[in-house]
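K.L.:
One letter stands for each residue in the lines below.
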Amino acid sequence: MSLARFLIKRLLQGVFVVWGVVTIVFGLRVIAPGDPANVLLPPDVGPEVRQQVIADLGLDQPLYVQYWEFVSGIALGVPEGLFNIATGQPVGGLGLGTSLTTGTSVASRVGRSLPATLELAIMATVVAVVIAIPLGVISATNRYSVPDYGATLFSLAGISTPNFWLGVMLIIVLAVQLDLFPTSQRAIGIPGVVDLLVSGQLVAAAEGFRTWLWYITLPAITLGTYFTALITRLTRSGMLDELGKTYVRASRAKGLPDALVRYKHVLRNTLIPIITVVGLQLGTLIGGAVITEFVFDWPGLGQVLINSINSRDWPMVQGSLIVIAVGFVVVNIVVDTLYTLVNPRVGFD
Amino acid sequence: MIAPRTIRSLKRGLSRNALAKVGIAIVVVVLFVAIFAPFVAPDRPGTQNLNESRQPPIGFEKATTQEVPVKENGSVVFEDGQIVTENRTVYENSSWDHPLGTDGNGRDILSRLIYGARVSLLVGFFGTGLAMLVGVTVGLTAGYYRGKVDDVLMRSADVMLAFPSIVLAIALIGVLQDALEQSIPDPFVQTGVAPAFRSALGLPTGMPESTTLPGTIIVVVALVNWVWFARVARGEALSLREESYVKAARALGANDASIMFRHVLPNAITPILVLGTIQIAAIILLESALSFLGFSSANISWGFDIALGRQYQSTAWWISAMPGLAIVITVIGLNLVGDWLRDALDPGIEGEGGV
Amino acid sequence: MSHAGHRDDLLRVEDLTTRFYTEEGQVNAVESVSFDVRDNEILGIVGESGSGKSVTALSAIDLVDSPGKITGGEVWLRDAELAGEFRGDKPEAVDGDFVDLRQLPTGVRRALRGPKFSMIFQDPMSSFNPSLTVGEQIAEAVEVQRRASANPRSTRSRTQGYGLGKLLVDSVVPGRKYTSDESHERAIELLDQVGIPDPVERADEYPHQFSGGMLQRAMVAQALAGEPDVLFADEPTTALDVTIQAQILDLLRDIQQEQGMSVVLITHDLGVIARMCDRVGVMYAGEVVERGSLEAVFDDPTHPYTQGLLGSIPDVDDPAPRLEPIEGNVPNLLDSEMPDRCYFADRCPKAMEACLEHPEERAVEGDRRHTARCVLADDEYDPERALDESQFEGGDGE
Amino acid sequence: MSFDVETDEVEYEGSLVEVEDLEKYYYENDTLFDRVLGREPTAVRAVDGVSFEVQEGETLGLVGESGCGKSTTSETLLGLREATGGSVRFKGRDVFRMTGSERTEFRQDAQIVFQDPFSSLDPRMTVGEIVTEGLRIHGLAGGEERTERAKDLLERVGLSARHADRYPHEFSGGQRQRIGIARALALDPEFVVLDEPVSALDVSVQAQVLNLLEDLQEEFGLTYLFVAHDLSVVRHISDRVAVMYLGKVVETGPVDEIFENPQHPYTQALLDSVPRASVEEYGRRGGTLEGDVPSPRNPPPGCRFHTRCPHARDACTKELPPDYDTGERHEAACFRVDADHEYWESEPLPHASETGEGTSVGGGIADSSD
Amino acid sequence: MPENGTNRRGFLKYAGGAAVTASLAGCLGGGDGGDGTDTPEGTDTDGTDDGGGDGTDTDDDMELPDFPVTITQGNMPSGLDPHDHRETPTDVVMLHVYEGLITRDAAGAVQPALATDWSRVEGEEAAQFQLREGVTFHNGDTLVGEDAAHSINRIVDEEVGFASPQSDQLAGVTGASAPDETTVQVTLDGLNPIVFSEFATYCDIMQRSWVEDRSKSEIGQTMNGTGPFKLDSYTQDEQVVMTRYEDYWDDPAEVSELTFTSAAESSTRVNQLLQGETDIIVNVPPQEVNRVNNSDAGSVAAAPSTRIIYNAMRYDVEPFSSKQFRQAMNYAIDLESIVSNVLGGFGTQTGQPTLPEFVGHNDDVGPYSYDPDEAERLVDESGHAGVEIELNTPVGRYLKDLEIAQAVAGYIDELPNVSASVNQRDFGSLVDELLTGNIEDKPPWYLIGWGEATFEGALVMTALLSTDGALTSWSNDEFDSLLETAANSTGEERIAALEEANALANEEAPWIFLNQQYSVYGVSSRVSWEPRSDERIDAYAMSQA
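Protein chains in written order, with UniProt numbering: chain A, 1 to 349; chain B, 1 to 355; chain C, 1 to 398; chain D, 1 to 370; chain E, 1 to 545.
So here's chain A without its partners, still in its complex pose (with noise of 0.2 Å):
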């Protein structure tokens, strides 16, 4: 089958768990109890302003035509989003509706929180894939080693920590205790950085690129902990599956030098199926980002949905819940392509 095709097959299954997804979203605020209205309005507001909000809100319609206009809100992108406050105003972009309190667009107020985590996830990731690989490979070539035996109890530890707590342990110590890193919050990111490489101000951007690192230092560790773990052990475990097969004896039978075989065969094949584990596990990394934004007050879509949930803002949770899912299906459509691409074993089918 043809990348294009498998592409496709590939985005329809998405299509359809994203769909699978918008039900599930839409649901939860169905069975939601309290009145979205509550959320909107002051506690004396008489019956007939109740009622008009309710119905500007379209929750007197049967449920079939709510979920219809907000899946197809969702799909279409109409202007008017279901939770259309009162204003009359189009809200453009996705039709994900407008902030019960804020009364703003839920598209861009999530949009706008999106980088912010995917800055956090990248990072996390980039720390996680550095440290990791390296450390299962010495693990699992020098088996009973001192490093083996230190890099089996760090990954031991790192997946049985949980990452808020490590990171109120790292602001303790690092943050509150020693002062060399910030409590929390972000720094303008890398847009910035690149911005001002692009005025050419090299030394503000340096700068920047300083404070931008010195921020999200203790929010990539915390985060990036349990998944540097995870590869840990899964290279490890891995390679010493591979070293056990028959082709590495037949390498060494054909005469190949030991490294040769532990790096351009097993490791290779280690690799391969790590990619699909990891692209598994990455909810677990956005799971784990919404903790640490959280934790460091991070202002990414964890912080939203967790404040969302916490005011009842429906729109907004359902915006944060489908972005988030998206993403996930997003990124997992990719890791696919890539574990295709690079493992002649499997075609495209």
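Derived by calculation from the structure, the hints in this document are not laboratory data.
Please note: incorrect hints may appear among the correct ones.
Derived lysine-lysine pairs resembling DSS-like cross-links, with alpha carbons at most 25 Å apart [as the list claims (entries may be wrong)]:
id, chain 1, residue 1, chain 2, residue 2
1, C, Lys69, C, Lys90
2, A, Lys9, B, Lys148
3, B, Lys21, B, Lys11
4, A, Lys245, C, Lys69
These figures come from a predicted structure and were not determined experimentally.
Got chain A sorted already, so can you dock chains B, C, D and E onto it with the hints?
P.N.:
Then chains B, C, D and E, alone, in the frame of chain A:
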């Protein structure tokens, strides 16, 4: 239903794996402490002593000079809009009454950890059990019948997997609120065994008569994590249905239900149980995260206590640190046991599940 | 032990013993096995599963992995050059033109794989790296020999100058590869030589794109890359269908004759042995129980096991009304369960009291070219001296 | 094979098992998304119109290389896989259209023994439970009686009654195969499918099991369908033989006819390829067939065998040869049997010495997953 | 402002009929998130004269200093539309850009702002404001009566604007018109005695044409007011940056650039203050006070607020239907210890629904004493011994709310005959239950805080304790009639009735009386600023230290 061979390979796995012994020891200790909390807790977990708040753990006593507000009748004093302060030597004393220190309300951290273990383990076990029940039912059905049933069930599982578990859990809690909270009576206290034991030893009595079971959290973690069980169970069913003995049973005239319960389920149980062990750890982590974010209704929970301690991060680090250590140690224990089971039984489920 | 063997001897394996230290206990996989390989011949090693025939081959070329360990024996290879090199340093490892590989440094032993020894395995699909093209993998085998001949010293180091850093450089810098174009061309030649059609295209395909038979041909091509003196073929056709098996067997024979090399063919199939081999060794429970020329072993089997084996096979040309199987089951090789007596005694229809003592390898009726580990080699079965059941201590066999 | 079976519903007479035009196709690329993309599902023609019959008391050997569909045929005819076409009649009744009670009866009358002695026994059941599972399912014997029956059966297949409480892993391959046979016998069947029952066993043990099977057939008057790839075993045990190639039966006949007077070039080639365990075999070249078995996903047109057949001519690519009678109950699907066929006039195919043909996907690796 | 430099010294016992209806969020303490609270300032202390910047008397010609200030609250504003919010953090941002017609000083007294004069229109149900001349919007246009009238209509008339959440804040106002450029006439639906009090709290004036040219969401993203600061940039949920408006009708502010940021976590705010990243932080938790005071970076400034924290007990469900039981609950807790240890002294014990600074406070009624034996006895007497009760509390809405709730439940749980636990609640869902207007929907026992910027005890009691109160948990005929009396009387009589009601409330104990909340700010040492009484952080009043 454990085959003798399974027991043998488990023993073998144990004898050559020192870490597995550590893991079992940890799990046993945590289980013991959680079950017999009313006997082993040095103090009542809820008992506050505001005058002894923020006592450091043994070994962390210190005295510092600080500028502190002067108080009259318990309230601060203002002078020209400024708070009147004075330099005072502040003693941070520890005492063996509170070996791990006290929290912001002067409650004994060790006792809270012991009672917190109950909540964590209850959620861990019940949540895993529920997830297992749902996931295994779905997975076996999908894998055994394949075709459209499989398509429908597994595509729904895909949809569930599109949500990071913590995100879905938060959203579900937003929906369910704390509707499912249950209070479980503590049999040791109710029957008077624990109070008698404690008064005989001269320990404080009046231990809580019940434990709050955060039903919502249990349901939510199960709803979030069943997919992992479904995947494993489906994989097992897919391969087991091709096993010759399943075909032989069909040739003998056995019907689907009987094949599922007599042949498929018993032979799929090993990887499911191994996954279960790992999932208990994952669910304990998930529960602590939800409590930390304030979404649990449990009064005593490790994650919740970490959150409580955050505001003391510059002055009383132990309030956050101790519950976290309890989580880490417990989860390490469970993961070690899970590793042991997986290595010994080799069900091939590396990388499934997670927080 | 005298090293005076046949004048055509290329490889003499003496008392080779390999143990596996598993969780169940020590497994005596190969128990004091001796055989010799002569120039330009096919030696067959036949045995049932678990008889230790594959481990014997692996032990001979030092490819036994943990938890296995070669615990004793000598592997004498005829190589005048090596003998000269080590005569001064290790006189005990040299005997005329022969060197005892077991006494040589690991680096040297490894460097012999390829130019001296090569091996093909039962399942070609798992013996190729699934994520590299077949051509690339064969080219690697060529390349390593090219480099070895260019710089013999470096080939004896552990990494041969090849590490993670080098791998990274090779994969990042364009145009840098481990294998040279010359090696690739040679790989294609080899593929052609083993009868793979369109070798240029097929060289760029991955193992899963090959059929089993084709892949086994490619495996042979890879084994030929170093132009080895001895090729070990471990059940090379067991995984293949009978028509494909016939093709591969023909190929092996052709190649053997073209290259003038020696082949050690390991199989459980007596028919394959009969078609291919000049001489045969029969293995049972880690031991070579009988060896000799094809005619000697097939037409005049001495060991009751060999006899039983031949009697168990239904003949495709002549359906005997009743088979005569060997009773009982193949023993496992756990040291703790190995009796001191002849390992075959409890299944042997001709067990005698003398069998309570573990037999040495004996010449059959004085013919040193036909030996058997059995008292019957120079004795007659005598029902008077037969062992009765009670003399086995608890040999349940189940 | 030209069957002269009446299409009318007949009373059971003649053959015990009658297989007619049995088809089992698997479909690949048949997911919802494939259909959305408008892609035709690929049919894997594992069994493509197979007909044969097994007469009461005889052993029919079904022989062929891996992937030829012999195991699929045997499982499909027992209803363990759903057939996509054709019919199977057992005692004159259509197996695929049986009523509940007929099916129950069929399940007792027809049994199967599998190849792999390790996967054919549920590792979590005791040997006694395994052997008496059929009795339990059909409610034929109570607890005590079942235990007794288990012991009888075990002793009958050469094991000991005390083995009933043990688990399968405690047994060797040969013993496990005996347990599998005991299970098949528990319901006192008339017909047993033996699906490669000895191919996983060592030769010394294989002979024991073959002897046992022969004894049991005699004792219980069983009818066997013996599926195997090993020609010598088939020769040894069968009364009649059917040779399969790529989902089709190419030749059937009495065992001696097939082995001594093979008519189909494939049968001839198979027999040529088998190495004989005798000194005369030394140096014989057996590779008369070139290339690999084509993929059942895309079987060649005309005669399935023409891509490898040393006698293939242009006519073979055009038309599927019918089953020609070549003697008493001996049929072969090859034009060469028909001296008047246009085959003889057409051009030989240019096989040359080239192997491959680019249709090497199926491969010859023995996998039992057909 | 110089025109009406009022006396800000002392705590004005403001006894007018101002009845600013409590806002949902503002009063229950919404919008502050985290552990933070939303503490209105209360100036019980002597404010200094230059609190409003009016004392600086800067010369217009003087070069304006470069003095950037950053304020870090617990939350960012929910949007920039001054008429579309109900939260303190948003209001704090708004007040620097938008101004009302009239305003309040720190003590709550009504002061002129954009209007210089205001009066009722004799004989009509209307009021009239005279606009200040020469006031310009930040876009340079001059303020006219039409702008003010439109702004009022935008709040009260759904047809003109939208369903403003502030409409109830101008209760009784039906519309406004502008007879001329400098006059605004407001029509009322009756003789509204508190109309000016209302206008002093809400009603930010926007420019009519500017509003009409923009969509609702655009208005939420940008600002155009008359205040001392104009918007420079706005990044939703991240920061709001303002610069000094040099053409302000009063003296320009000393602060040159004003940035609002937020940090939900209190320790984060403290760290930012200590690291010099911000200048003013809200809600310094008591345990961090030493850290701030011991540092060179800043110090803590605190003021009692108008917020009272209490535990309501529903009178209609057992065991809280028993007066003895309710009293027992009050005796069971060591309030002094809670204030001292949990709140670090930042709080005042209460024993009646009215705060000491409020009208109607009964000075003779003190807090309940800590007497667990008496509590145990009263529980036995009530017949509810052995009962299990659960305290519903929000988390992170008020200063140490959860810790207070835990301490309260902890003390009560100490009683041998009662067991108590805490149920943490999501603030939104708890408030939902409280606001249904139906007592059955409320949890039986909950912790909540109520802020009343008018210093009017009667309003507190009416809303929270009268039979018909919006959030009541209690019903007592005698209490109702006392409030009735107070509502229909003035002066001493009224005060007496209120004091009696407070005494009755103390006796009947419908609540567990807890603490008056304090606002605790962290102020950088480079800023000179006094906390005000009205929840407002007024950067116009800041000067360089």
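K.L.:
Work down the list of hints and note, for each, if the structure agrees.
P.N.:
Hint-by-hint comparison with the structure:
1. Lys69(C) / Lys90(C): Holds. Lys69(C) to Lys90(C) sits at ~23 Å (cutoff 25 Å).
2. Lys9(A) / Lys148(B): Holds. Lys9(A) to Lys148(B) sits at ~18 Å (cutoff 25 Å).
3. Lys21(B) / Lys11(B): Cα-Cα ~11 Å, so holds.
4. Lys245(A) / Lys69(C): Holds, at roughly 18 Å.
Hint check: no violations occur; every hint is consistent with the structure.
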